[in-house]
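There are 2 protein chains.
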Amino acid sequence: MASDLANLERPAQKKSVALSGVVAGSTAVSSVIPGGDHLRYRGYDVRDLATGCSFEEVAHLLIHGTLPSAEELATYQRKLRAQRNLPLAVRRALEALPAAAHPMDVLRTGISALGCVFPESPDQKAENARAIADRLIASAPSMLLYWYHFAGSGCSIEVETDDDTVAGHFLTLLHGREAHHHQVRALQASLVLYGEHEFNASTFTARSISATGSDFYSAITGAIGALRGTKHGGANQAAYEVIVRYRTADEAESDVRNRVANKQVVMGFGHPVYRVSDPRTEVLRTLANELADRSNDHKVMSIAERIEVVMADSKNMFANVDWYSAVLYDLLGIPASMFTPIFAMARIAGWSAHIIEQREDNKIIRPTASYVGPDSRTFVSLAERGMPSRWRAA
Amino acid sequence: MASDLANLERPAQKKSVALSGVVAGSTAVSSVIPGGDHLRYRGYDVRDLATGCSFEEVAHLLIHGTLPSAEELATYQRKLRAQRNLPLAVRRALEALPAAAHPMDVLRTGISALGCVFPESPDQKAENARAIADRLIASAPSMLLYWYHFAGSGCSIEVETDDDTVAGHFLTLLHGREAHHHQVRALQASLVLYGEHEFNASTFTARSISATGSDFYSAITGAIGALRGTKHGGANQAAYEVIVRYRTADEAESDVRNRVANKQVVMGFGHPVYRVSDPRTEVLRTLANELADRSNDHKVMSIAERIEVVMADSKNMFANVDWYSAVLYDLLGIPASMFTPIFAMARIAGWSAHIIEQREDNKIIRPTASYVGPDSRTFVSLAERGMPSRWRAA
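Line by line, the protein sequences are chains A and B.
-18 is the number of the first residue of the first sequence in the working numbering; add one for each residue after it.
-18 is the number of the first residue of the second sequence in the working numbering; add one for each residue after it.
Just so you know, the hints here were simulated from the structure itself, not pulled from any lab data.
Mixed in with the good hints, there may be bad ones.
One copy or two, it doesn't matter: identical chains are merged, so the pair holds either way.
[Stated by the list, open to error] Using 35 angstroms as the maximum straight-line C-alpha spacing, the simulated DSBU-like pairs for lysine-lysine come out as follows:
no., residue 1, residue 2
1, K106, K296
2, K60, K280
3, K244, K60
4, K296, K60
5, K106, K244
With the rest of the complex left out, here is chain A:
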């Protein structure tokens, strides 16, 4: 089944990307063709998955290796539903965190604490790792929203719901009422599209951590940290902040043209891997449009679409996965600080698959550096270092 896809169309080394095009390992989890506008999870086109599958089916595909049958899916959903609760220690840790914290920092801390409560067994069997992955998929929304309500109002919410899906569970906990089916479907599609993306920076971080023999929670905690950056998952919140700067599409057009002329970066456009377009954008644009129609609220959508046209026209740049995710989340009434945590909730599926795969590979990831520091220096003891060093020659 091995494919030669990986050897086609590698991107040229980009100045802004270290190790660009360098093969750091092998994977069967997903394939990206940078020039060919293509992303597949275990061989399936991500657009088919986003329009035809629930997030649970895709999590099963990524973590357990196959698209589930109806029977398997029902079992899997029951399993996830049963693991939404949080142990008391994790609640206590979340309650300790300040209301001003960023939810990504909260999720990082909550999952790290969960790793103290239910540590992975040192034998690191793949079946146990998959069970931890499922627990994290099930309980990440609980962590985020338990903290969100506790920090906001001092309320300890009940984190178990009857929703069939992770997306439904998240929306019910956020809004305190069951979401409409079409809202769940939209959030679900974005979770599918955010679920996996080959050796992106957070996944590579998760693999680097698990490659030392470390535990599952350490790898996920590190990956959340990497995803938080604005050059990675943090970009969806940053993209939203671009859109909400404007009151109208005309105002957006004029300001964005100015910014482009002044060589300022506009978040939500371009990609470190894709060169022509992002295969995930169209599905999200369509879903965001549907939500805008249903709510009869086109303001944010019209601004986002205009900026997309301007960026294509003036910079030949395409909207990436973050652009319409931001619009979609706004239309679902999700606060901007939760945008990147939703990305994390979804990507746990991909990270988990990569952690398990990296362990089978059994290699530590240890590159080297080009040394650009001082040559050999003679050591000077403290007694001889008379003057403060700022007055000494380097």
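Fit chain B to the given chain A structure using the hints.
What follows is chain B alone, placed relative to chain A:
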């Protein structure tokens, strides 16, 4: 000042190491010559630093760029001393963690929680990053030992001490009394030797995380996760578990020869970068010997030295930094579960220097993968997936 050191004697690609010999960036923090038995921090030989410096001098060198004058050192020590306390939120989070947790998981959680309490400013100025680094150096022992005593006895200890040094602070909190000068000196030297090591797996993880634009705490949290693995920092606890298997040096020799004959791995020997010897081992052996002499307890030392001889004789393998660190920590009365956290306390200095350097470089680290999964598969909707997937062809 740039040097061509980095281009000498790169190790050949090793099967057990991914990206071995691949340059993933440049650094002025340290240089390693794999064949030449050499490790320098900002140009200074690590052996001179370990025998001639306090850990605080080396932390200043790594984080602030220079070996401090006596006046600067006094100021720096005062600064670190003033930051040993833990905010209430971090105490509460640590109190929530179970007594059975691994201290590495506790440290990961505590630092992640501290990042919620004192988040880094989004401007990520280097001077603020250095201030966070100093706070982490100062407070990591407090976190570890606050949790250790609270989990063990329910006691909320006072974490501020009058010790001048991080090593002294750690030992005072651990044992509840001030340590002898020679004990502080021994622990201090091991902190110096653990302080930095170029693009090792945890440092590379910290750099990968900070390269996305993420915050300082995320990078440190991820690095702690990577260090935890037994192929990395976790090896010092694993090395200790080798040594304490035996009652006598003769018993050790006979069993280790058997293990070598059966091709079993003996932890604490060899290194992914060094090929001839580890430049840090000799200083640690000497210090461990001195501690054994002073306490008139040579049992563990004699077993460790015999195994070193056997490994050299039977496998031509050298003891690495972890081997005599384990002996030294044992002689200081430190519980084995704290060995890797001590490594982390020290390496925070190196990680911090690399995080700041990576930010200056301003590149995201994003390698690629060789795809070995299934070729394009036709999507099958749930309704058409009749049978459980275990009965379908792959």
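Hint by hint, here is what the structure shows:
1. K106 - K296: between (49 angstroms within a copy, 30 angstroms between copies)
2. K60 - K280: Neither: 40 angstroms inside a chain and 52 angstroms across chains, both beyond 35 angstroms.
3. K244 - K60: For K244 and K60, the Cα distance exceeds 35 angstroms both inside one copy (50 angstroms) and across copies (42 angstroms).
4. K296 - K60: neither (47 angstroms within a copy, 49 angstroms between copies)
5. K106 - K244: between (50 angstroms within a copy, 23 angstroms between copies)
This entry does not satisfy hints 2, 3, 4, going by the numbered hints stated previously.
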